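Student: Below, each chain spelled out in residue letters.
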Amino acid sequence: MSAYGGNLMSKSFMLYSITLALLLVASQAFGAETARIKFLHSVYDDGKEISLLYPEGVACTDSFFVVADTGNNRIIKYPYQDKIVQPAEFEMPVNAPIVVQINSKGEIYILDGRDRRILILNADGTEKGYLSPKGSPVARKMVPKSFKIEEDDRIYILDISDGLVLVLDAAGNYIKHIPFPQEFGFFSDLAIDKQGNIFLVDSVEAAVYSAAPDANQFSQLSKGMHEYMNFPTNIAIDSSGILYLVDKHGGSLALLSNDGSFLRHEFGYGWRESQFYYPAQMCISPAGNIFVADRSNSRIQMFESEK
Amino acid sequence: MKFRYTPIIFLSAALVVLIALSLVSAQDKFKLREGAAGKLCLGCHEGLQEKMKKKFIHTPLTEGDCVGCHNPHTSNYNMLLAASDDTICYTCHDSVVPENAKSVHLVVAEGKCNACHDPHAADYKKNLLRGGSELCYECHQSLVTQINENKYGHPPVKEDCAGCHDPHGSTNNDNLLNNGSPAICLKCHSADKSTFKSLHRNYPVEKADCTSCHNPHGSNTAAMLYDNVHEPVAKRNCERCHVEPTSSKPFDLKASGYETCLACHYEMITEVMNQSNIHWPLVDQKGCINCHSPHASSVKKLMRQPILEVCAKCHADTVARQERSATKHPPIAEGECGACHSPHSSDYQFILKDESVVEICAECHEWQTHTTHPIGEEFADPRNKNVTMQCMSCHRTHGTEYKHFIYYSTINELCVQCHVSLRR
Chain U
1 MSAYGGNLMS KSFMLYSITL ALLLVASQAF GAETARIKFL HSVYDDGKEI
51 SLLYPEGVAC TDSFFVVADT GNNRIIKYPY QDKIVQPAEF EMPVNAPIVV
101 QINSKGEIYI LDGRDRRILI LNADGTEKGY LSPKGSPVAR KMVPKSFKIE
151 EDDRIYILDI SDGLVLVLDA AGNYIKHIPF PQEFGFFSDL AIDKQGNIFL
201 VDSVEAAVYS AAPDANQFSQ LSKGMHEYMN FPTNIAIDSS GILYLVDKHG
251 GSLALLSNDG SFLRHEFGYG WRESQFYYPA QMCISPAGNI FVADRSNSRI
301 QMFESEK
Chain G
308 MKFRYTPIIF LSAALVVLIA LSLVSAQDKF KLREGAAGKL CLGCHEGLQE
358 KMKKKFIHTP LTEGDCVGCH NPHTSNYNML LAASDDTICY TCHDSVVPEN
408 AKSVHLVVAE GKCNACHDPH AADYKKNLLR GGSELCYECH QSLVTQINEN
458 KYGHPPVKED CAGCHDPHGS TNNDNLLNNG SPAICLKCHS ADKSTFKSLH
508 RNYPVEKADC TSCHNPHGSN TAAMLYDNVH EPVAKRNCER CHVEPTSSKP
558 FDLKASGYET CLACHYEMIT EVMNQSNIHW PLVDQKGCIN CHSPHASSVK
608 KLMRQPILEV CAKCHADTVA RQERSATKHP PIAEGECGAC HSPHSSDYQF
658 ILKDESVVEI CAECHEWQTH TTHPIGEEFA DPRNKNVTMQ CMSCHRTHGT
708 EYKHFIYYST INELCVQCHV SLRR
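If you read the protein sequences in the order shown, they are chains U and G. One point on numbering: in the numbering used here, the residue at position 96 of the first sequence is 96, and numbering is uninterrupted. Every number in the numbering used here is 307 more than the matching position in the second sequence, counting from 1.
Read the hints as simulated data drawn from the structure, not as lab findings. Every value quoted in this text rests on a predicted model; they were computed, and no experiment measured them. Errors might be hidden in some of the hints.
The following residues of chain U were derived to be distant from chain G, with all beta-carbon distances above 10 Å [unchecked claim]:
1. Gly113
2. Arg114
3. Gly185
Covered stretches of chain U, as calculated for chain G (at least 3 residues, CB under 8 Å) [as the list claims (entries may be wrong)]:
4. 49-61
5. 81-92
6. 136-148
7. 207-216
8. 224-232
9. 280-293
Ideal placement from N, C-alpha and C gives every residue a C-beta, glycine not left out.
Chain G with its partners taken away, still in its complex shape (with noise of 0.2 Å):
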């Protein structure tokens, strides 16, 4: 009994000792009257005082250690803050990131700790400004508007998303994802049922990722499934593409690369595989899957991402110029690659729809049916003979850092590259 409280007492004194040491730096280092510090700040900062009452309150500032973060005197950053905004909560807390982090919260890595956490006192756990999801979604608006419209919902996203996500980074998984799937999943989910068994044809899919089938977030169709689904999957057909369950690597395919998807979508592919210019992913390794998802996906078409962000996976260089571009094309902004461009196979150049790049910018920009600087095959290029005045001998499609993307800065320059005789 008497040596039962002992751990206590040495605990407590142990941090009495530490909050007056500290204490004794501050006041140390700004030659702080003894009480002063906290309590000189809170003199004026009446708005603290109030803050003070909330429920968690950050450590430096329950031991009134002010300029622990601030400077009282002068400083080069807003709020007297003794380092800049998005670098000063890394003093003390530069442990919050996993070192070499697969992924990392946006706001965490540009130091913008204030939009989750209040640096004083909050009503939240770890000083956070709302609790559970309700902070994510303030935010993620999006999926916020996907989640409550969805019939078929995943309880825990209404709870709180720190269950499946690490705010800060994640150290193996994408998505700050505090485990992968399907680890992650059968931490609620058991696979022995044999339910869960004969719903997914007596494939192993507890060693597969469930994502590739399954919305998290939750869906408009049963089962939380995303609400585009590829017929085979839909039908359970999974024999359709893949081996026996059975089999020694039951999650491998019949056929391989596009080859797996010839046999339902044969005229398509054939068609395709008879033009001049094919885009050659879809003939390599992985084929259709490079740009589709084979299973379901919440893009129509069964797409991976939406049209823009699957071909800015390959054609980074080509979307980052429509993103610097002062003029924006609308279809790329809008994601509508596929306005111009055939992506799977075309007869003509840059996979276009029509062998015309004019006939192609007609189908938008009517007004060039009728006033138009010379364009079409019969005018040829000044400055090569082999080529004729078509829209793009002005415009560059995807961009340029000039208005209406030209080549030039200004429209007098673009002209006297061919009307050299006007130029001064």
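In isolation and in its complexed conformation, chain U is listed as follows (with noise of 0.2 Å):
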């Protein structure tokens, strides 16, 4: 080969790797924005011609989702199927709940804000008791502002009392706990993504926090958001990583790479179908079906996630 037709070739080589890596960019960027959320249908009522109340939590799987109808004291459980909602399966008075949690036997976990313990409901709705964390010697008071269960059944606790995330064993043994940072503004609500890394949203500077599965302290992975969202205080994670902050006060999802940095605004303050007027709760099931307790428009939301 002469010298001329190597030159061609490593010329020719460059370019198709610069075409490469400029397509393999462009689709990353184009993945994240093409991730788009699809509006089903809205939740009013019972199915008994009740309505919904001020709903602050809900929590999902692939074939059933429970309400904490906080206004009406009760949760409620309903089955769907092909993304259409059954009539309620049960619903059980509870005193004033606000963050709901279902584990893998279907148990159902409920925060209850006036006495900001956690009831665990088995899953024909029955009571079992409430959660009282064995072995733990750091949380003496314990005031859960939120909590989560992850697939292994493991519970992580955002106990704003003691300042800490307490991680549970699925029969309420103490596991590790991670102290909150020195400075922070007020922590609402807390995620965990598939690799077990936790992430922590900081309502007051509109910030993340996130620490590694393996890590004894949280580091700020997005500083202050303001210029994107106004407070959030709820978050989830899809299975690819992104991070889903409700914005309470601006009526809108704020979504985030799993780096931290700010992607896309969905949906916006209201009252018509797609609109939100002070969401809390907000869960996304294993095959992206999307639910967000719209508190202060009485219902449940439930859209899908299009990839």
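Each chain sits in its own coordinate frame; assemble them with the hints.
Tutor: Listed below in structure tokens is the structure:
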């Protein structure tokens, strides 16, 4: 091969490489852009003509979801199939339910806003008892502001009284804790991704903190994002690692990439379908169905993530 | 003897050379006639000649270097300045604000040096417009009123604010303080005296923040305590909340968070805890002291700051919305967040004082009891069957960018949100 031919080959190779790299970058950016959220429908009542009232909590699987119907002091379980919601399977009176979670056995964990304790219901809705951490060397008073249950049924509690995230096993035994950072505004919610990374949302600073699975402290992932959101109070993560922040005062969802950079907003403030009026908890099912407790609109809105 | 004056002669010579060089450079720049620098300007600007008689003259002016700050021909800035008036001083004085300063005087940050200094000449050192505290009083009027009315004054306050504050910025301290508390207080006050110790119940307060109890600008309460004193402090009953002064950590509290306050405020706290919606900071690590000062405060109810400022610490977005709003909602403007909200807890949304927003608004807006758009439980919102019409259906109480804090730019646009058939 001549020197000219060799040069041509290397130039072509370089051109291909650059084009490929550009395409890769573009496809990644485009990929993030294309994960659109499509409104499906809203749930306004329990199927027995009793309307929802200021629901603050929603938890979901791929076959059912549970609503903390806060204003009516009850928990409602709704089955759904092919994205169609069925009438409520059961409802259970609970004092002031504000956050709900479901474990792998279908048991329902409920944070009671008045007692500030976590009540557990069996899968059939009967009461199992209260979550009581065992063997914790740190949680002296434990005031859960929020909590999450992961696939392995580990329970992560945002304990604002002791200033830490407490990690328990399914039986409530202490596994570990991670203290809050030295400086922060106010932590409202937490989320855990598939890898076990823990994310905290700071409502006051409009910031996100994270801790790796083996970390013993939190570090700031996203600095003050007041430019993009007002007062984020809830956080959820989808299967691709995108962070969804519920901007309560802005009535929207703010999406962040898993490195904490802001991607875009979804929806806005209002009363119509796919608008939010002081939304609270949101949930993303493994299949990508999204539920938002649209609190002050007294409804649950259901969306699907279009890849 | 021969060498005694050598350094002075040497320094004087250097100064003369420097002045000459600067004049030459100015003359070079504008090709001024020999000896014209300064004198040429003063020929027309007679007022400046009078100024030149003042005690302290800005160095460039003493050197006749008017072109150090002004362009004699044309300029894009006022007064033919060579740069904008908020940056020109920094051309020479670029180190007046410490790097990474913890606090910076607002006028300095805004480059309004003229607020305190006369750029040409003044009767006070550093070309200040007035001497001592008088200069600061010109802007800090409310503080002056307070200081003049104080029964128990702090002498340094009337002498010179610069005794405690650095007027430009402070590297390590808030409020432009040139040292933090207690170090700044201990410069004058000795903590070794037995009276000092007994008055402070033998707690090692010389290691604590004095301004937690004492108002450094003076007050109407003995010992310059802030005017609202927490009862245990007034009675010097520190052990009510703190562990013994002989303990290894004498400032530790006997309980944590709100539980510290429970012993005295049991009834109130129990009532607060039994509401459905708690204001969450109340039950976090700090508890009540997120908003209240535990020892003393110049604000009623021992609030750390005026209520609006306390609320804005966390709810800056809400307060900012009011500030941006074309129409101001008086309770917010007046810092009366408690007019609608119950700050500790409530059984209602947004920790409101009443379940019905309409009822809360009616406390001030009496007109709606006789003439109003249909509102109340019996009128469903056409946009959402689970929501009824109420004041917030049309108004955002903390403000919008539109008049009367409605959600849309015109009333017509607002109305057609529900009255869709009337849409044009």
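Student: So, for every hint listed, does it hold in this structure?
Tutor: Taking the hints in turn, this is what the structure says about them:
The Cβ of Gly113/U does not lie farther than 10 Å from every Cβ of chain G; its closest approach is about 6 Å, which violates its non-interface assignment. Taking the minimum C-beta to C-beta distance to chain G, about 5 Å, the non-interface status of Arg114/U is violated against the 10 Å cut. The non-interface label for Gly185/U is inconsistent with chain G: the shortest C-beta to C-beta separation is roughly 7 Å, within 10 Å. Counting residues of the segment 49-61 of chain U whose CB lies closer than 8 Å to any CB of chain G gives 4, so the stated coverage by that chain holds, three being the minimum.
For the segment 81-92 of chain U, the proposed coverage by chain G is not satisfied: 0 residues have a C-beta within less than 8 Å of a C-beta in that chain, short of the threshold of three. Only residues whose beta carbon comes within less than 8 Å of a beta carbon in chain G count, and the segment 136-148 of chain U has 4; three or more means the coverage holds. As drawn, the segment 207-216 of chain U meets chain G at 0 residues by the rule of a beta-carbon pair under 8 Å; below three, the given contact is violated. Counting residues of the segment 224-232 of chain U whose beta carbon lies closer than 8 Å to any beta carbon of chain G gives 3, which reaches the threshold of three, so the coverage claim holds.
Only residues whose beta carbon comes within less than 8 Å of a beta carbon in chain G count, and the segment 280-293 of chain U has 0; fewer than three means the coverage is violated.
When each numbered hint is compared with the structure, violations occur for hints 1, 2, 3, 5, 7 and 9.
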